[in-house]
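One line per chain: the protein sequences are S and Z, in this order.
If you count the first sequence from 1, position 188 lands on 188 in the working numbering, and the numbers rise without skipping.
If you count the second sequence from 1, position 119 lands on 119 in the working numbering, and the numbers rise without skipping.
Some hints here could point you the wrong way.
The list treats identical chains as one, so a pair stands whether inside a single copy or across any two.
Claimed, not checked - Simulated crosslink set (EDC-like; lysine to aspartate or glutamate; CA at most 20 Å straight-line): (1) Lys238 / Glu278; (2) Lys367 / Glu47; (3) Lys186 / Glu220.
It is worth saying that the hints were derived from the structure and are not from the lab.
Everything numeric in this text was worked out from a predicted model, so none of it was measured.
Number of protein chains: 2
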Amino acid sequence: MPVSSPDPATQPGGRNLDPWYDNYASRTSGLTVSEVRALFAVASRPEVVSLAGGSPFVAALPDSLVRSAFDRMMREHGPEALQYGGGQGIPQLRERILELMALEGITGASADDVVTTTGSQHAIDLVTKLFINPGDVILLETPSYVGALGTFKSYEADVRHVDMDDEGLNMESLAENIRKVRAEGKEVKFLYTVPNFNNPTGVTMSATRRQEVLDLCIREGVLIVEDNPYGLLYFDEKAPNAIRSLDADHVLYLGSFSKILSPGVRVGYVLAPHGIREKLILAVESSILSPSSLNQWLVTEYLEGSDWRAQIDTFRHTYRERRDAMLAAMQEYLPQLSWTIPNGGFFMWVQLPDTLDSKQMLPRATKELVAYTPGTGFYADGRGHDKIRLSYSLPEPERIRLGVRRLANVINDELDLIETFGTFSNRSDDDNRFPSAPPNIN
Amino acid sequence: MPVSSPDPATQPGGRNLDPWYDNYASRTSGLTVSEVRALFAVASRPEVVSLAGGSPFVAALPDSLVRSAFDRMMREHGPEALQYGGGQGIPQLRERILELMALEGITGASADDVVTTTGSQHAIDLVTKLFINPGDVILLETPSYVGALGTFKSYEADVRHVDMDDEGLNMESLAENIRKVRAEGKEVKFLYTVPNFNNPTGVTMSATRRQEVLDLCIREGVLIVEDNPYGLLYFDEKAPNAIRSLDADHVLYLGSFSKILSPGVRVGYVLAPHGIREKLILAVESSILSPSSLNQWLVTEYLEGSDWRAQIDTFRHTYRERRDAMLAAMQEYLPQLSWTIPNGGFFMWVQLPDTLDSKQMLPRATKELVAYTPGTGFYADGRGHDKIRLSYSLPEPERIRLGVRRLANVINDELDLIETFGTFSNRSDDDNRFPSAPPNIN
Numbered sequence: 001m002p003v004s005s006p007d008p009a010t011q012p013g014g015r016n017l018d019p020w021y022d023n024y025a026s027r028t029s030g031l032t033v034s035e036v037r038a039l040f041a042v043a044s045r046p047e048v049v050s051l052a053g054g055s056p057f058v059a060a061l062p063d064s065l066v067r068s069a070f071d072r073m074m075r076e077h078g079p080e081a082l083q084y085g086g087g088q089g090i091p092q093l094r095e096r097i098l099e100l101m102a103l104e105g106i107t108g109a110s111a112d113d114v115v116t117t118t119g120s121q122h123a124i125d126l127v128t129k130l131f132i133n134p135g136d137v138i139l140l141e142t143p144s145y146v147g148a149l150g151t152f153k154s155y156e157a158d159v160r161h162v163d164m165d166d167e168g169l170n171m172e173s174l175a176e177n178i179r180k181v182r183a184e185g186k187e188v189k190f191l192y193t194v195p196n197f198n199n200p201t202g203v204t205m206s207a208t209r210r211q212e213v214l215d216l217c218i219r220e221g222v223l224i225v226e227d228n229p230y231g232l233l234y235f236d237e238k239a240p241n242a243i244r245s246l247d248a249d250h251v252l253y254l255g256s257f258s259k260i261l262s263p264g265v266r267v268g269y270v271l272a273p274h275g276i277r278e279k280l281i282l283a284v285e286s287s288i289l290s291p292s293s294l295n296q297w298l299v300t301e302y303l304e305g306s307d308w309r310a311q312i313d314t315f316r317h318t319y320r321e322r323r324d325a326m327l328a329a330m331q332e333y334l335p336q337l338s339w340t341i342p343n344g345g346f347f348m349w350v351q352l353p354d355t356l357d358s359k360q361m362l363p364r365a366t367k368e369l370v371a372y373t374p375g376t377g378f379y380a381d382g383r384g385h386d387k388i389r390l391s392y393s394l395p396e397p398e399r400i401r402l403g404v405r406r407l408a409n410v411i412n413d414e415l416d417l418i419e420t421f422g423t424f425s426n427r428s429d430d431d432n433r434f435p436s437a438p439p440n441i442n
Numbered sequence: 001m002p003v004s005s006p007d008p009a010t011q012p013g014g015r016n017l018d019p020w021y022d023n024y025a026s027r028t029s030g031l032t033v034s035e036v037r038a039l040f041a042v043a044s045r046p047e048v049v050s051l052a053g054g055s056p057f058v059a060a061l062p063d064s065l066v067r068s069a070f071d072r073m074m075r076e077h078g079p080e081a082l083q084y085g086g087g088q089g090i091p092q093l094r095e096r097i098l099e100l101m102a103l104e105g106i107t108g109a110s111a112d113d114v115v116t117t118t119g120s121q122h123a124i125d126l127v128t129k130l131f132i133n134p135g136d137v138i139l140l141e142t143p144s145y146v147g148a149l150g151t152f153k154s155y156e157a158d159v160r161h162v163d164m165d166d167e168g169l170n171m172e173s174l175a176e177n178i179r180k181v182r183a184e185g186k187e188v189k190f191l192y193t194v195p196n197f198n199n200p201t202g203v204t205m206s207a208t209r210r211q212e213v214l215d216l217c218i219r220e221g222v223l224i225v226e227d228n229p230y231g232l233l234y235f236d237e238k239a240p241n242a243i244r245s246l247d248a249d250h251v252l253y254l255g256s257f258s259k260i261l262s263p264g265v266r267v268g269y270v271l272a273p274h275g276i277r278e279k280l281i282l283a284v285e286s287s288i289l290s291p292s293s294l295n296q297w298l299v300t301e302y303l304e305g306s307d308w309r310a311q312i313d314t315f316r317h318t319y320r321e322r323r324d325a326m327l328a329a330m331q332e333y334l335p336q337l338s339w340t341i342p343n344g345g346f347f348m349w350v351q352l353p354d355t356l357d358s359k360q361m362l363p364r365a366t367k368e369l370v371a372y373t374p375g376t377g378f379y380a381d382g383r384g385h386d387k388i389r390l391s392y393s394l395p396e397p398e399r400i401r402l403g404v405r406r407l408a409n410v411i412n413d414e415l416d417l418i419e420t421f422g423t424f425s426n427r428s429d430d431d432n433r434f435p436s437a438p439p440n441i442n
């Protein structure tokens with residue numbers, strides 16, 4: 001607030017109604033309303049079939065499992081669960097997390113190197129806080145998780161997309177990006193990757209490619225931040241082992257209970273090299289003192305007292321059924337389009353005809369009672385107008401079918417309009433330096 | 001990690017064993033192990049009477065209240081509690097928070113302007129992220145909350161202590177600090193204050209002083225961040241109304257359920273002017289997507305289904321009894337010292353003879369099975385060697401008595417040693433620009 005005009009009531013309106021506008025840190029300009037957030041409001045109306053969002057189907061988790069975990073927690077750890085905890089997270093949970101990670105090939109890790117967080121978004125935030133000065137470079141996939149992009153932006157990172165092919169990150173593009181960054185006199189602070197059932201594409205990095213990416217990153221001294229919230233939710237065959245399973249020193253590994261148990265508990269975790277682990281704990285303490293003891297104990301008791309592996313199988317079967325429903329509906333109602341075939345996770349990535357603008361089409365779609373996520377949110381550079389992300393995790397198969405039918409009507413109506421009146425005049429120009437087709441396209 | 005030597009195994013040891021040392025952001029050097037953290041480890045051994053820490057006595061909360069809140073939550077809001085929520089927090093809880101704030105004179109606020117957070121430390125972190133560029137100035141009390149100091153440091157703030165007197169922040173010092181900052185060509189981004197039962201001093205700002213501080217801050221265009229975790233835990237008479245009750249536009253108000261219910265749920269909140277509120281929600285989303293729905297619903301059902309006002313009374317009476325026990329023990333065992341008489345909250349601030357160093361004395365104290373918090377952690381400028389913070393919130397009255405007796409032995413032994421061998425050679429020089437005696441001293 002300027003000294004000359006300290007009272008908000010006397011501030012001139014116009015440019016901005018917030019009298020503290022001039023006081024914010026420079027990073028705050030990077031905090032903008034994400035497209036996903038705006039969508040949550042629209043899509044939450046019950047009559048809308050939401051293929052947007054990315055919420056898990058928590059109704060597949062029997063109440064009784066949560067209740068009995070809570071009962072055991074109160075009986076055996078009540079006072080601890082209600083009290084402050086340590087910044088690193090409770091040891092019993094960190095031991096259990098080792099079992100979880102072992103399912104993806106990560107063995108020989110120590111609970112000492114695990115840090116629990118308030119969901120893995122918190123881990124993304126803290127890792128960025130630890131490593132990124134304004135202007136520092138982060139490499140990531142094309143497209144990439146909208147929540148990570150937002151956090152990177154909030155720390156004023158210089159975010160660069162690496163091209164993709166059928167097996168994940170393209171090696172030439174990765175090497176070229178590192179070279180280019182260094183030619184500019186900068187350093188790559190880390191490579192952020194979601195190798196399993198990527199959000200938004202559903203694409204999985206091959207085992208060979210994981211080794212190649214790791215080898216290059218070791219050679220070039222680039223830290224890998226491997227974000228793996230969906231890995232255990234495979235449909236047909238298991239995903240390749242985590243990159244972290246191949247190397248302990250160059251990989252920060254992020255996991256979460258949001259998709260295999262409940263996002264309402266906000267429990268995520270990081271497995272980190274020693275030095276980074278120490279800094280991470282301090283960053284947790286600085287940001288929240290300690291993660292919720294109650295939620296950590298609840299998750300611990302859930303893992304100790306229930307057949308959580310069987311519950312993950314239940315989730316897997318639920319999501320596979322829904323993925324199948326979406327594939328069948330796409331084939332039936334939108335056979336002229338192309339899309340990825342996810343082998344796990346929550347998302348499918350759809351290529352629209354280049355004449356369509358997924359963001360401009362959204363209001364019409366919600367009017368037709370279907371919602372999706374426009375592709376633009378998943379790029380830092382304005383691409384994605386001709387892509388949409390569809391999520392099949394939350395709606396029942398019949399609703400998925402209905403949603404895709406409605407979507408087909410909207411798309412076909414738009415195409416008719418364009419045929420009659422020409423393309424939209426105000427969509428942003430495509431950036432043609434990169435191939436715009438997503439990989440693994442159907 | 002330097003390009004020329006990318007493999008941790010080939011790194012020279014020596015300066016730092018962390019191969020990623022050179023990759024951290026500049027702010028990361030501000031993340032250091034807090035004295036409070038190190039103490040938690042020492043003081044957690046059961047044979048040690050801990051007058052350190054600042055944990056609430058959660059055992060005063062009947063299990064049945066938590067269990068019945070959980071049951072109602074699962075019955076009426078199970079799927080919502082297990083799912084993601086909005087970044088601002090659930091509306092039902094935000095409505096309830098209005099009732100809580102009304103107890104401290106804040107009326108006419110809207111639930112739209114409340115944002116829930118992962119404890120109020122999270123709020124401190126997000127507010128700092130929103131406002132502080134490296135080198136920006138924050139004014140705060142002398143001494144001030146160690147957790148806030150750590151967070152401010154982690155954003156590379158330029159932190160300045162304002163002198164205190166019997167009624168709280170000294171007006172001349174506050175005005176002088178603002179003048180001085182501006183003479184340096186800088187701006188004060190905000191004034192951080194804990195006006196009720198301050199951590200660490202236990203001192204409360206008078207009603208008159210609140211109005212004076214507010215008037216000056218309005219005149220000078222300085223935002224006030226009012227942190228009030230202890231306000232409802234008064235002993236004899238209520239604390240004056242919150243500063244926020246006097247003005248809605250210049251005050252960011254922070255509250256918490258940690259001390260009136262449970263810190264294990266990590267639920268705090270902010271009441272913010274509109275423009276800041278909008279940015280805060282985005283900052284919450286960027287850092288954790290959404291606060292725990294489960295914990296928010298649990299708190300909501302606790303507030304709706306139990307006599308929470310009576311429970312706060314129970315806490316108040318418990319802590320008053322313990323404060324009294326500590327006062328009596330201090331009078332009996334350490335009558336030669338001076339200390340503050342807190343009228344609420346968890347902490348008493350003790351002035352040691354100037355020849356003692358509270359940090360150096362701590363290992364001897366823990367050997368004698370008593371722990372406290374050295375004063376130095378509560379200053380950004382190295383002062384506090386001759387102060388200690390004692391907490392009476394967690395131990396039973398008899399343990400408090402035992403702890404103070406042990407502390408008296410340690411202090412008297414130290415004084416004997418000094419009389420025999422002279423003062424410690426390696427304690428840091430005191431900064432005598434400011435009076436070192438805490439206000440409201442007994």
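Structure-inconsistent hints, enumerated in ascending order: 1
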